[in-house]
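> This is what each chain is made of:
Protein chains: 2
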Amino acid sequence: MDPLRKIELEDMEAISLGGAFLGTGGGGDPYIGKLMAEQAIRDSGPVDVIDVDTLDDDALVVPVAMMGAPTVMLEKLPRGTEAIAALEALQLSLGRKADAIFCIEAGGLNSTIPIAVAASVGLPIVDGDGMGRAFPELQMVSMTMHGISACPMVISDEKGNALALNTVDNLSTEKFARVITVEMGGAALIALYPMTGAEAKRAILRGSMSLIHSIGTIINSEQRANRNPAIALADKLNGVRLFEGRVKDVQRATQGGFARGTCQIEGLGPFEGEDLTLRFQNEFLLAETDSGPRAMTPDLICLLDLENGQPITTEQIRYGFRVIVFALPADPQWRTEAGIDLVGPRYFGYDFDYRPLEALNQ
Amino acid sequence: MDPLRKIELEDMEAISLGGAFLGTGGGGDPYIGKLMAEQAIRDSGPVDVIDVDTLDDDALVVPVAMMGAPTVMLEKLPRGTEAIAALEALQLSLGRKADAIFCIEAGGLNSTIPIAVAASVGLPIVDGDGMGRAFPELQMVSMTMHGISACPMVISDEKGNALALNTVDNLSTEKFARVITVEMGGAALIALYPMTGAEAKRAILRGSMSLIHSIGTIINSEQRANRNPAIALADKLNGVRLFEGRVKDVQRATQGGFARGTCQIEGLGPFEGEDLTLRFQNEFLLAETDSGPRAMTPDLICLLDLENGQPITTEQIRYGFRVIVFALPADPQWRTEAGIDLVGPRYFGYDFDYRPLEALNQ
Chain A
1 MDPLRKIELE DMEAISLGGA FLGTGGGGDP YIGKLMAEQA IRDSGPVDVI DVDTLDDDAL
61 VVPVAMMGAP TVMLEKLPRG TEAIAALEAL QLSLGRKADA IFCIEAGGLN STIPIAVAAS
121 VGLPIVDGDG MGRAFPELQM VSMTMHGISA CPMVISDEKG NALALNTVDN LSTEKFARVI
181 TVEMGGAALI ALYPMTGAEA KRAILRGSMS LIHSIGTIIN SEQRANRNPA IALADKLNGV
241 RLFEGRVKDV QRATQGGFAR GTCQIEGLGP FEGEDLTLRF QNEFLLAETD SGPRAMTPDL
301 ICLLDLENGQ PITTEQIRYG FRVIVFALPA DPQWRTEAGI DLVGPRYFGY DFDYRPLEAL
361 NQ
Chain B
1 MDPLRKIELE DMEAISLGGA FLGTGGGGDP YIGKLMAEQA IRDSGPVDVI DVDTLDDDAL
61 VVPVAMMGAP TVMLEKLPRG TEAIAALEAL QLSLGRKADA IFCIEAGGLN STIPIAVAAS
121 VGLPIVDGDG MGRAFPELQM VSMTMHGISA CPMVISDEKG NALALNTVDN LSTEKFARVI
181 TVEMGGAALI ALYPMTGAEA KRAILRGSMS LIHSIGTIIN SEQRANRNPA IALADKLNGV
241 RLFEGRVKDV QRATQGGFAR GTCQIEGLGP FEGEDLTLRF QNEFLLAETD SGPRAMTPDL
301 ICLLDLENGQ PITTEQIRYG FRVIVFALPA DPQWRTEAGI DLVGPRYFGY DFDYRPLEAL
361 NQ
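Chain order of the listed sequences is A and B. For the first sequence, the tail end lands on 362 under the numbering used here, and the numbers increase by one without skipping. For the second sequence, the tail end lands on 362 under the numbering used here, and the numbers increase by one without skipping.
It is possible that some hints are incorrect.
[To be verified] Part of the chain B face toward chain A, derived, beta carbon under 10 Å:
#1 Ala89
#2 Gln91
#3 Ala162
#4 Leu165
#5 Asn166
#6 Val168
#7 Phe176
#8 Glu183
Calculated directly from the structure, the hints in this document are not laboratory data. All C-beta atoms in this analysis are idealised placements derived from N, C-alpha and C, irrespective of residue type, glycine included.
Please take these sequences and the hints and turn them into a complete structure.
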């Protein structure tokens, strides 16, 4: 299988930036993931990115990821070997080796840790992911909509504990894995959704690694030209600049293994006199003003630094930050009834029917 | 291997009574376990009880048990197949079949469920257990003192969820299994501490099934003769009748997967004017009066009905019950430094150094 491209050391800057953008505030600190992937590429060489269609139908594709509250991940750095331990334990229980690594989500740590694992074990990585963005819960992937089980799943920690899950459905996988993650100290490494090549071709959201790379490249080059990347990104991604302002309040708590909270922004420039509130559970899920919602999950809500366009994660927000709130339409799969059931506003407890970004901002 | 005896249908009454007594208030409702074992014996025939020394050194011995708060077990009856599912999943992960079933503890449900499993799968049960009584946590077994790992362990529920644990030590096994049990609704079925015959010969507390049977037989025959069994039990078991009185207060909460609480008893007869407080976490762990402790874990504290000597579990206690508080010396293994570290009063948060029952009641 000819790779689409190779991920070299010098690509990691753009990938971590693009991943932080698509991470919609979650997915963990991109800097740590970048360091891990860079180290692995330095030690073991570049990683092949492959088109899912080049996989044999009976190939084994395995996503690896970090699970937990991003606020914890910042303080409990992975050694880098836990994710490989999770992959190896899963391979052992399946009785076979993986043929390709996969990203469960496109965002932050979880688009860079799989690169580190792929480099270390010498496997290619599939150009795609299960979310087309980041979401906070394990069942929130396109694979669930295609009837693919998250199990067998392995969850492991830095101490050497490893648990294998076989649950009756993917929501149960999430519930068990979440309490185990909390018991592991708030963050854990996981290998799950083992898929055949045929299943992956049917179920994954395609092109994410390429998209992340090109978003990161835009942000990088616009920053170098001293332009705010928001304009170029809006153009490239069919996005909406929802709001600009200054962060005036952040409420944040680590609850049940998640970073939950709200962020209030007072308008600047054309938005002077208005307030916008962001609500998050690891990721930004709802943006609303006094006149009602302006963007809601599954559409992507991204927070960028007003000066340099740098993506800001939910755990990085601080009082006084001057920011742009940017929104993008979700992948069409998420806008189906099955998609809205899985990741729509009501699932997260927001009392709104889903309305697309385009309808909310005509 | 010639069995020591067979457990027939008519033995289950005595076994459930004796198990409730050694359960020291915990181990779950003995009536439910009795029904399960009776049904299994009716369906599949009697169970051979074997001496551990008759096992081959490389035989595989597997304990099965119910885990969780006894208060929950009363309302969430096991179907009977979950324990077999846990055993089968463990056998699958070990790549071999068990040669004998074993009781992790001597008490309540956990001395009867293994009989039900043994009957159903056609295996003998070893005459012994890991506690010589009941204790609330998984690591509190003689096997821990002998360096035997609780893992691989399987935990399963009635919905069909099954998780396999591989942890760095037995205390970690307990912590992970406990949060999983809570997520499973407060009660779960487990198979753990897979042991070779050689390990079992070295590590287990011997003779428990026979002891349970003989205690139950004493209680039964004394009840039939309209005598309170406490006298005969004190004689047979080297026990102490600590206190007699009426329950005047019960505080009980299901916390962190345990039934925790206290029970206050006001003295009757020779104990008039005195109060005794029992503290429990699933099992009775401490008995104290105003003048100080009278019995403490790991020594056994049993509560019996004052009229008929029926054992009373922590979830059965009610205001107004007239009771005998009965105490027995723990197995000598528990009175070693390693034993006190695992199950002594300080582990449970009671601010006392362990003192043997005999020293406290000279």
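> None of the hints should be skipped; say for each whether it holds.
For each hint, the structure was consulted:
1. Interface restraint check: alanine 89 of chain B against chain A, minimum CB-CB distance 8 Å, threshold 10 Å, status holds.
2. The closest approach between the C-beta of glutamine 91 of chain B and any C-beta of chain A is roughly 14 Å, which is over the 10 Å cut-off, so the hint fails.
3. Nearest Cβ of chain A to the Cβ of alanine 162 of chain B: about 5 Å, under the 10 Å cut. The hint holds.
4. Of the supplied interface hints, the one on leucine 165 of chain B holds, with its beta-carbon coming within about 5 Å of a beta-carbon of chain A, less than 10 Å.
5. For asparagine 166 of chain B, the suggested interface contact is upheld, since its CB lies about 5 Å from the closest CB of chain A, less than 10 Å.
6. Residue-level restraint check for valine 168 of chain B holds (minimum Cβ-Cβ distance to chain A is 5 Å; threshold 10 Å).
7. Checking phenylalanine 176 of chain B against chain A: minimum C-beta separation of about 6 Å stays under 10 Å; hint holds.
8. Checking glutamate 183 of chain B against chain A by beta carbon gives a least distance of about 5 Å; that is within 10 Å, so the hint holds.
Hint compliance for this structure: hint 2 is the single one not met.
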